[in-house]
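Trainee: All chains, please: the whole structure from these sequences, using the hints.
Residue numbers (the numbering used here), protein chains in the order written: chain P, 1 to 294; chain L, 295 to 824.
Hint data in this document are derived by calculation from the structure and do not stem from the laboratory.
Hints are not guaranteed to be accurate.
Which chain L residues face chain P? A few, computed with CB under 8 Å, are given here [said to hold, decoys possible]:
(1) SER655
(2) ILE658
(3) ILE672
(4) SER677
(5) VAL685
(6) ARG688
(7) ALA723
(8) ILE725
(9) GLY733
(10) THR734
(11) ASP737
(12) VAL740
(13) ALA772
(14) THR775
Residues of chain L placed beyond 10 Å of chain P at every Cβ, according to the derived structure [to be verified]:
(15) LYS300
(16) THR391
(17) GLU400
(18) SER443
(19) ARG539
(20) GLU576
(21) LEU606
Cβ atoms here follow ideal geometry from the backbone N, Cα and C, with glycine treated the same way.
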Amino acid sequence: MVAIEVPKVNYTDYSNRQLAAVPLAFLVLALAIIGGWVVATGAPANLGLEFTGGVELRIADEANGDVEQQIQTAFDRQPDSVRTIPGDDVVVVTFQAAEDDPEGLANDLQDQADAAGLTTTAVDQVSPSFASDTARTALFGVGLAFLGMSVLVFALFRTFVPSVAVVASAFSDLVIPIAAMNLLGIQMTLGTIAALLMIIGYSVDSDILLNDSVLRRTGEFYESVSRAMRTGVTMTLTSIAAMVVMAIVASLFGIGLLRDIGIILSVGLCADLMNTYLMNVSLLRWYKFEGVAR
Amino acid sequence: MLEPIKKNWRILLLVVVVLGSTVALFGPGFGPEPAPGESASEAQQGVTNLQYGLDLAGGTRVRAPLSGYTATDVALGGDTPGTVAEAVATELDNASTRDVGAVPEESAVEVTEPSVTESQFRAAMDAAGYEYGDVRSGVTQRTRDETMSVIQGKINEAGLSGGSVQQVQSITGEYFILVEVPGEGRQEVIDLLEERGTVRIDIAYPDGNGTAVQEGTLIQDDFEEIGTAAQSDQGTGAYVPVTVRNTAEDGQSPAHSFQDAVVQRGFPDAYQTQTDRCGYDEETGEIGNSNPCLLLVVDGEVVNSFGMDPGLADSMAQGSWAETGNFRLTTGEFTEAQTISLNLRAGALPADLDISGEGTSSSISASQGENFRTYSLIIGVLSVFAVAGMVFLRYREPRVALPMIVTALAEVYALLGFAALLGYPLELAVIAGFIAVVGTGVDDLVIIADQVMSEGDVSSRTVFDSRFRQAFWVIGAAAATTIIAMSPLMVLSLGDLSGFAIFTILGVLIGVLVTRPAYGDILRRLLTVR
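Mentor: Next comes the structure, spelled out in structure tokens:
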């Protein structure tokens, strides 16, 4: 039987700079991608329906001919995206909000779908001004959560460098999934906001574990790190397993909310593995061997 | 005898919580509140007492602000609301007195006609001579409350069980009305919200051997003003004073055509003295005597029939009545008069819901909801399997891994019990919360197991306890960060994400307070040498 053995990393082979270089490179790259997105599209990510406004229709695929073909001709405006959900026999059609006439768009579209003989199983409509309100609220929420987490971490450890290490790694854990979302073409939705908040909560766990092991327990530095790592990697891997399964199954069934949460958390937790055991460890080692001595 | 209880109280607490959840999930009396005319078993969805939200049961959610503007801190100078409303309304071309309201308790004046712009309203307030602090979009608290009760009334009347209406405030301070109706499509719900209870006046008249009815001699739109219900000065009865419009875009005005119909059906001849009565029988729909009658029809049902005051009939015969257009709709009961007044004036909401402008609506068909329910169950089960698989691969020791998985499942079970107990409807977001709880829950159990088993065998209880306490510091810290991170979602109005946050936080709390300590005890019993 295959067993999972958490590998022992020989940290002594690498300098702090070398260790921190990889996660920092990722962080810089992610920030560059997000910056590029802001320059190119005016927003840090591909905003979904909830943040731009528009209408989303779910149309049943009743297997009587080519539904996608029918959809192309059914509406008098061009859909912005048409996605087929394999597991559920439905097609999700999205329309961005119309600048000229937001009035009754959802009704019109539903009528057009009915007229073309398509069965609508769900309709979502978000108006543009409501959407921009939601975006502001979401940004505020993520900011507030991050701030609260930072304050709590500082209160728990009461030392500057280790606390900063946790906060910095949590920041990177947030930024990398956002950049990954942009590259994978995943839209920012309420579900991904929830996932980002969840990352703040989740990713700090392994950092706290590491800090606790190094700072609050007796024992030699590398021993403490490897002890924390054995537990921490197991933890993160089980979470990743749950999230990957959730993402795969949910995307088969076309449940966008669960899929988005699954993907974002998987990416975020992978980023967390890197950040915790490269960046965080190097910062802690510097603190332990050089920072304290100063 | 108390010793074993004291030693194992953590495990016992977990057992109690699990039993409690079972009662909440399956016991009678914890099920969903049945709607009027529905039995408790009909209200139940599936074998458990769990309730499903719109995502998982199908239905429609509409969230929209009420259109209008409100001037705040208005110096009303002791004027009555009516005077204020009239003064402001005359300064607005596109609004009538009905569209303007003054609320002295809030020192506010509002306009609810959607076509009035903010600058028009400001100009009208200035012109009417009322000083005000500021003008904001939206309506007054009173109008929001009224709108909510009208919507609630509509939902109840339509017999939609589980329908709810509430006010939510966004981060920018704007108020939204949130309406949720399970099992109904988007269009049906919007129609219900926008539809007025129809009130009309028919005339019943003798026709040969039977009774004929001329329908819709007056319809809702024909009324210019609708007063509030009042008690009759003489006798029992109550009435609603109304004014029929004497203006028309083309052709005859409603007041004139009503007057003509009344004269044509012979009211002036039939009602000569106060003793002439209407003999309409609401049961059979026949007129007992030969007098024509006015019928008050609400939502297609005749609620009252009445004759006509001789003076009024006379003024109609002379053709002078239409100039003023005043008359009274009389009823037997005061409450009936109130309903009619409300239906005539409203049935429509006191202020319009701005659904397409600034609102959101979403709707899921019942079959789609049912699919989602099955799918999320599959997703949940598979995620648990994934976690269990990882745990087994890592520990390869059933003594450690099995209790871990059982404990994590107990946590989810307890959460489901809570959901049933609180009557909180399960939605996709809540399911995501459950999965997140399984994830964090197992994380913490891993911490406990590793901590306890590190540094060699656990030989004594004291060693175990000290290691367990150390592990618990990390768990507590991790739980606190999760709670802090999720709490903004709980209070911010971000759609259904508050359900996700509430259940993640609840799960973390149950975990830290009940299940994780219990796992510690279980592990101790299994590992320590007794």
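Trainee: Tell me the hint numbers this structure goes against, listed in increasing order.
Mentor: When the structure is compared with the hints, none of them turns out to be violated.
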